[in-house]
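Protein chains in written order, with this note's numbering: chain D, 1 to 547; chain W, 1 to 191; chain Y, 1 to 182.
Simulated from the structure, these hints should not be mistaken for laboratory data.
None of the values given here were measured: they were computed from a predicted structure.
Check each hint, because a few of them may be wrong.
[To be verified] Derived list of chain W stretches under chain Y, where covered just means 3 residues or more per stretch with a C-beta under 8 Å from a C-beta of chain Y:
(1) 57-64
(2) 67-74
(3) 128-134
(4) 174-180
[Stated by the list, open to error] Computed spacing ranges between beta-carbons, pair by pair:
(5) D:P416 to W:M29: 56 to 66 Å
(6) Y:D155 to W:K93: 49 to 59 Å
(7) Y:E65 to D:E436: 41 to 51 Å
(8) D:E436 to Y:A83: 47 to 57 Å
(9) W:D161 to D:R458: 54 to 64 Å
(10) Y:E95 to D:P14: 32 to 42 Å
(11) Y:P32 to W:I174: 17 to 27 Å
(12) D:A464 to Y:K100: 34 to 44 Å
(13) Y:A83 to D:T4: 31 to 41 Å
(14) W:L74 to Y:A83: 54 to 64 Å
(15) D:F454 to Y:I162: 46 to 56 Å
(16) W:K93 to D:E472: 42 to 52 Å
Heads up, the beta-carbon is just placed ideally off N, CA and C, and yes, glycines get one too.
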Amino acid sequence: MSRTLFTFNGGVHPDGHKTESNGTPIRAMPLLSRYVVPMRQHIGAPARPVVAVGDAVLRGQTLGAAEGYVSTAVHAPTSGRVIAIEPCAAPHPSGLFDLAVVIEADGLDQSIAFEPLDWRALDPSALRNRIREMGLAGLGGAVFPSYIKLNPGAQKIHTLILNGAECEPWITCDDRLMRERAPELVRGIEIMRHALGSATILIGIEDNKPEALAAMRAAAPSDMEVVAIPTLYPGGGGKQLTYTLTGVETPTGGRSTDVGIQVFNVGTAYSLYRAVELGEPLISRIVTITGHVSNPGNFEVRVGTPLSDLVTAAGGMLPGASGEIVGGPMMGFDLMDSAAPVTKAVNCLIIKNSKLFPGKPIELPCIRCGACAKACPADLQPFEMYWYSRAKNFGRAQSYNLFDCIECGCCAYVCPSHIPLVDYFRFAKSEIWEREREKSGADQARIRHDFKTFRLEREKREKAEKFAKAAEKTKAAASNPSEASAAVDPDAEKKKAILQAALERAQKAKESVAPRNTEDLPPRVQREIDEIEARRAAVETKTESTE
Amino acid sequence: MENYLLILIGTVFVNNIVMSKILGLCPFMGVSRKLETAIGMGAATTFVLTLASGASYLVDTYLLGQELAYLRTLSFIVVIAGIVGFTEMFIKKTSPVLFRVLGIYLPLITTNCAVLGIPLLNVQEQHNFLESLFYGLGGALGFSLVLVLFAAMRERLEAADVPKPFQGVSIAMITAGLMSLAFMGFAGLIR
Amino acid sequence: MFSAILVMAAIGLVLGGILGWASIKYRVEDDPLVEKVDAILPQTQCGQCGFPGCKPYAEAIAKGEADINLCPPGGDDGVKRLAELLGVEAKPLGEGMEPKPKSVAVIDENTCIGCTLCIQACPVDAIVGAAKQMHVIVASQCTGCELCLPPCPVDCISMQVIKEDVVNWKWRYPIHMMKRVA
Chain D
1 MSRTLFTFNG GVHPDGHKTE SNGTPIRAMP LLSRYVVPMR QHIGAPARPV VAVGDAVLRG
61 QTLGAAEGYV STAVHAPTSG RVIAIEPCAA PHPSGLFDLA VVIEADGLDQ SIAFEPLDWR
121 ALDPSALRNR IREMGLAGLG GAVFPSYIKL NPGAQKIHTL ILNGAECEPW ITCDDRLMRE
181 RAPELVRGIE IMRHALGSAT ILIGIEDNKP EALAAMRAAA PSDMEVVAIP TLYPGGGGKQ
241 LTYTLTGVET PTGGRSTDVG IQVFNVGTAY SLYRAVELGE PLISRIVTIT GHVSNPGNFE
301 VRVGTPLSDL VTAAGGMLPG ASGEIVGGPM MGFDLMDSAA PVTKAVNCLI IKNSKLFPGK
361 PIELPCIRCG ACAKACPADL QPFEMYWYSR AKNFGRAQSY NLFDCIECGC CAYVCPSHIP
421 LVDYFRFAKS EIWEREREKS GADQARIRHD FKTFRLEREK REKAEKFAKA AEKTKAAASN
481 PSEASAAVDP DAEKKKAILQ AALERAQKAK ESVAPRNTED LPPRVQREID EIEARRAAVE
541 TKTESTE
Chain W
1 MENYLLILIG TVFVNNIVMS KILGLCPFMG VSRKLETAIG MGAATTFVLT LASGASYLVD
61 TYLLGQELAY LRTLSFIVVI AGIVGFTEMF IKKTSPVLFR VLGIYLPLIT TNCAVLGIPL
121 LNVQEQHNFL ESLFYGLGGA LGFSLVLVLF AAMRERLEAA DVPKPFQGVS IAMITAGLMS
181 LAFMGFAGLI R
Chain Y
1 MFSAILVMAA IGLVLGGILG WASIKYRVED DPLVEKVDAI LPQTQCGQCG FPGCKPYAEA
61 IAKGEADINL CPPGGDDGVK RLAELLGVEA KPLGEGMEPK PKSVAVIDEN TCIGCTLCIQ
121 ACPVDAIVGA AKQMHVIVAS QCTGCELCLP PCPVDCISMQ VIKEDVVNWK WRYPIHMMKR
181 VA
């Protein structure tokens, strides 16, 4: 292999912790009695539920249909009955609930008839529609709907990169997948090549996975290149991997497709094979469970499996466990509720203990040492972004290209002051997004308000014009008196009558208004009221007479 | 030629109008809150000051002479006011935001002691026309330099954890003092 | 004496001439600042500032007739950005002008009599309905201005605070655990 590799700036070498979980083959999860399938498992609009509570569903049946362009479908992980469609715990850093379809499994695990697809004979566009229905989304963690990524659009995708770097510590699901299922994975890559029409195919794998490299090299045909890349976090970041393999930098605010390169996770390629060649929608994925658990390893987990059941399948937590991380230790987040299910985005669950993951050290002031800038793989200046994010000066933070930050955590990893820089960046980013949302809302409100003002003006004008026309008519009629009286009189009479009637009604209504609760009063109270009324009448006549 | 270069370096660094002559402090403290404003103010002052130095030299030499020397200050003020009025209209047309941002400071250039001080210093030092122009340009560049530097520092300070008693103008004053000390380092650069 | 008057008059004349020429050459028709101020305002059109909408308030600010801290929906953040644009000191919101949590109006379907009064009051046409028909508020267009509340004769409109969900959830400001250095 004589490919010249490029080295991106920065990056860190955290402890790999791969051996804890990569020694054992991928295990299957036992069938559970209950699955929680969130409708929002991908970037974009959540899927729209197409089943109702009480419906019987089969494995692979569509639970939610794609809604809008950036969306994809969601399927039933097993056969059973829909018992609820309601907000449930979700694997999200907020711990907030999100809409999910809850399925009570019947234990039979019957599936719909899977229809394999002859993709070679199929037009790429029809293939993409099929992939959209199959619920394919990037399994590397970003979960961007795959059918969109498989659309080359106007830009020709000359290079297709398969991301098997798996640079985050602890995670080994892609490693095991490549070791055990390389031939199927390669067939998935061929489908991708068919859809994109790319000439070059590069499979990047970090050199700390020699078995995976060997397996992929054995499986890959001669026109796919399996490249060993140096182990350096975050070498598996899309932009970083692209640079390492091709030396092409992704422009600011752009995607790798802008330079004719598309990057897919190897897990996506495998699921694509299953979806297209076997006809099975994306209802399971490989998840690593590792850390402070009795039996760490990789499981083939159905989407919708509660994480607590995954922990049970791995032998349960060891005593002294202090929490769970979804994803890797660098970019993952603390799990709030272990009832949250595995989604298409969940690639790893790490059980923490105080030895492996000591609590956050106390944050010290920034000493402007610049270590973060040296470590930043995106060539940013984290200390400047931090300075302004902390002061909530978001415009300034953005001017330091905050949105090119990939939140890899290298800066926070090297910071001698233990500043949680990424937390500040995420905070600043979500504040800016909120502002953008408000701004677009305000723009819409402005347009609507302007139109309303315009509409009122127009109505007024039209009324005035009508009035003027009518006046002209009466004027014209006035020159012919007999016609005028005939024309005007009945109308005016009628109006007058209506007005009179209305006035009378109002008068009557006024008179009939009387204090309530005055019927059936005891005689004593009635007498009192009479006396008061009499006094009031006397006073009134008096004042009238003085006037 | 060397003479003009020396005038420039001397006025920008060594005898900086703000840092060592302590003139023009009003806009220095007032318009240094934002970098963009400071750059705008610096540019406007440079424009005014260079023109004013040349114009007042001409007025002093050809109109006033020795016998009307007592009219010097008065006529300089009038000339400066005229140039400022012109600049004001010019900026209002070309950059309304800068106009708004400069706010009262733009007319205040009229009473900026640096702007009046430099033409008077020109007379005192008996500069010729070109020397006057360079002296004015150099003084203005020096003013703009410290204004921009100071604004950059204040902008960073805005995001810093300043202890309560020092917040706002007091930390700005301290910064200005430190900056002045730093500029003393240039003393002795020329002669 | 005479020469002094002559000299001053000459200076005055020349400068006056230049200024007169400049005022014609550099005439400014209207103030583009209004648009910039209007872009910062939240466009709720609620009138809490005392002006009949966001645009009039923006015009008043641009003219310097109104203070920048009269817009509660914009919050302190809005005041800060106005201050930044105008190059003035930011200040807290005016008396009794605390920003409320973002909400949308909701019509109680059981009590609505279909009088169309709220439709006329809504500044952004976010209420759909016709006479004697039940009205509905388009939640995504509602700015939460509360202008539809007073005209309703049966008080069937209420404000509902927008709940936080996975989409509009924001990362919190990191908790500051700075070590005190003596």
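Outcome of the hint check:
no. : hint                         : result
1   : 57-64                        : holds (count 3)
2   : 67-74                        : holds (count 4)
3   : 128-134                      : violated (count 0)
4   : 174-180                      : violated (count 0)
5   : D:P416 to W:M29: 56 to 66 Å  : 36 Å, violated
6   : Y:D155 to W:K93: 49 to 59 Å  : 54 Å, holds
7   : Y:E65 to D:E436: 41 to 51 Å  : 31 Å, violated
8   : D:E436 to Y:A83: 47 to 57 Å  : 21 Å, violated
9   : W:D161 to D:R458: 54 to 64 Å : 56 Å, holds
10  : Y:E95 to D:P14: 32 to 42 Å   : 54 Å, violated
11  : Y:P32 to W:I174: 17 to 27 Å  : 38 Å, violated
12  : D:A464 to Y:K100: 34 to 44 Å : 39 Å, holds
13  : Y:A83 to D:T4: 31 to 41 Å    : 53 Å, violated
14  : W:L74 to Y:A83: 54 to 64 Å   : 39 Å, violated
15  : D:F454 to Y:I162: 46 to 56 Å : 29 Å, violated
16  : W:K93 to D:E472: 42 to 52 Å  : 49 Å, holds
In this structure, the hints that do not hold are numbers 3, 4, 5, 7, 8, 10, 11, 13, 14, 15, in rising order.
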